[in-house]
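Asks: Given next are the chains, with one letter for each unit.
2 protein chains.
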Amino acid sequence: MIPTSLDWCQQQDANDPLAAIKDRFDLPEGVIYMDGNSLGVLPKGVAERINTVVEREWRTDLIKSWNTADWINLPARVGAKIAPLVGAMADEVVMADSTSINLFKVAAAACRMNKGRSKIISEPGNFPTDLYMLQGLSSFLGNDAQLQTVDRNKIIDAIDDDTAVVVLTHVHYVTADMFDMEAITKAAHDKGALVVWDLSHSTGAVPVDLNGAGADFAIGCGYKYLNGGPGAPAFLFVAKRHHANAEQPLTGWFGHKRPFDFIDDYEPAPDIRRMLVGTTSVLAASALDSALDAFKGVDMGLLRKKSQAMTDLFIALTREKLMEYGVGLATSETPAKRGS
Amino acid sequence: MIPTSLDWCQQQDANDPLAAIKDRFDLPEGVIYMDGNSLGVLPKGVAERINTVVEREWRTDLIKSWNTADWINLPARVGAKIAPLVGAMADEVVMADSTSINLFKVAAAACRMNKGRSKIISEPGNFPTDLYMLQGLSSFLGNDAQLQTVDRNKIIDAIDDDTAVVVLTHVHYVTADMFDMEAITKAAHDKGALVVWDLSHSTGAVPVDLNGAGADFAIGCGYKYLNGGPGAPAFLFVAKRHHANAEQPLTGWFGHKRPFDFIDDYEPAPDIRRMLVGTTSVLAASALDSALDAFKGVDMGLLRKKSQAMTDLFIALTREKLMEYGVGLATSETPAKRGS
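Chains as they are written, first to last, in my numbering: chain A, 18 to 357; chain B, 18 to 357.
One chain only, chain A, in its complex shape:
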């Protein structure tokens, strides 16, 4: 039985090693916000940073800021800041575009690396844009690879020698069910398939260890637990071993080896930057960059423990007070099986 008394809750708060972190956010008075999954609250410092971007970088310094404010490296700099949150090296993550577009890029790259295999595996009820983008991709690839959706507990069995890539969301957007990233990645690799992990509902909320799991590709959004603001730019991960081989079809000038040579022929950058496409929104990227400072020195293990304890409490209170009104439980009661 989990204690649910106010006294007990206040005692937990008093002993909370993460309590001070709350001060890093600019929460509106009197609001208890539980919608981080849709839009994170405003971290302190972001408003000032945006003001600097507008007043000094844009208004005063104008195009000089591409160099003086290092706008040009924002995708890599923000990527490097996200990397430790997902168990990646600094140069394996880049900030770019939207989650949907990033999914297209990495899934297309994976299909090309596994040309001749005809299946893209995902699960029914995955976050819709993931399925839609895979439908668009497979329809575009002609008969090369078709999307097949398989129930989550049958995915490992469904992966075979004809599977090009498995595309799954690490933490489910409705149930918070969490996949065993390592087990599925290993099962895919055993059959020669690649894996794309959508980390939109895990990054910043649960510890993620992409390299520990041997992951190939990952994507994620910036506006949920990373608190980058409404429609913040997304990010993507490509394991270093794939940098030289990953070819994606959205070959824009920011993915070019020498974008400012302005030559006619595309040559992909040798590193993660080959996943970039067009010009970065500096306003949006700067907000996300600043927001990520809220994670400075945060122990993700402690954060995970707190999140699990709070959800346990919430479930207990729901059971105690709300179930009689017909409120049910969509998520797992086993803390280790669910995200945040």
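Please keep in mind that the hints were generated in silico from the structure rather than gathered at the bench.
The C-beta atom is built at its ideal place from N, Cα and C for all residues, glycine as well.
There may be inaccurate statements among the hints.
Claimed, not checked - Selected chain B positions facing chain A (Cβ under 7 Å, derived; list incomplete):
(1) Ile-80
(2) Gly-133
(3) Thr-146
Unchecked claim - Some chain A residues close to chain B (C-beta under 8 Å, calculated; not the full set):
(4) Trp-88
(5) Gly-248
(6) Ala-249
With chain A's structure known, arrange chain B on it following the hints.
Replies: Just chain B now, kept in the frame of chain A:
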């Protein structure tokens, strides 16, 4: 001979019907800025608008703002504001993603509408990302359509019954050479080919009449003459007659007919929204939205006349003062043949 005396210039300024428009921009003291082609100056009102987005919409109202601040319709609202600047109907233009990504979408849609034709025609020396995106697209399409670059004065001759789509930049980014949009569009249509116009270097600087020219598709950036800020979102145009047939491969949830039904299968929106992909950056979109107010009531014919006169003066002064130092002329001396 164009007069170049200071007196004459000051007289022109005194009689300039557009003089008051300069006050709509927050120019840094003492700066003469001629780099609008790379990054427009900050329009007044934008800083305040961004502040409202951060402080009220994001910080205070949080996810309610999708409805209360109408974030959900930003792509359509900003598109409708751009439409009159390019001779389109309000519901033929939408703000989305980057110019590069928009090019991929409309060129892919055009190729699919003209399946079986094997050529995508563009010009060598076109803005690099346009060529790169077409290379990425054609490489992904397999043997369906390959990019062929043809010198600008031979383009009409090169269009044949095997041409799927012609992709050209209306005003060239280096020389400011301007294509005759109507003549080329007509020549393409005569052979059953479609045309994509890149308006990045024309929108907001020269009058553009997409529907007058019978155009099929167009794209353009938001950070140059539209002054939307560094890396502002881009826009795209699809002629109404193509709305039901244009199928693009980046089928993200914001292009879905009912994005919030969260169903597994993609169904394209019946209108221009089918060209949307992922979540819009609200910060970036709001800056562009506010910046577009600088065009309120501006007569593009007068603006064009002023721009031509200023370039004529600049050419005359260059000839008078700079040519002896080896400075040459890249653009046409005929005002009607060049953009801004």
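Asks: Each hint: holds or not?
Replies: Against the structure, the hints come out as follows:
1. Ile-80: Cβ of Ile-80 of chain B sits 5 Å from chain A, so the hint holds.
2. Gly-133: 13 Å, violated
3. Thr-146: Holds - the Cβ of Thr-146 of chain B comes within 7 Å of chain A, reaching about 4 Å at its closest.
4. Trp-88: 6 Å, holds
5. Gly-248: With a minimum Cβ separation of about 4 Å from chain B (threshold 8 Å), the hint on Gly-248 of chain A holds.
6. Ala-249: 7 Å, holds
Of the numbered hints stated above, the single one contradicted by the structure is hint 2.
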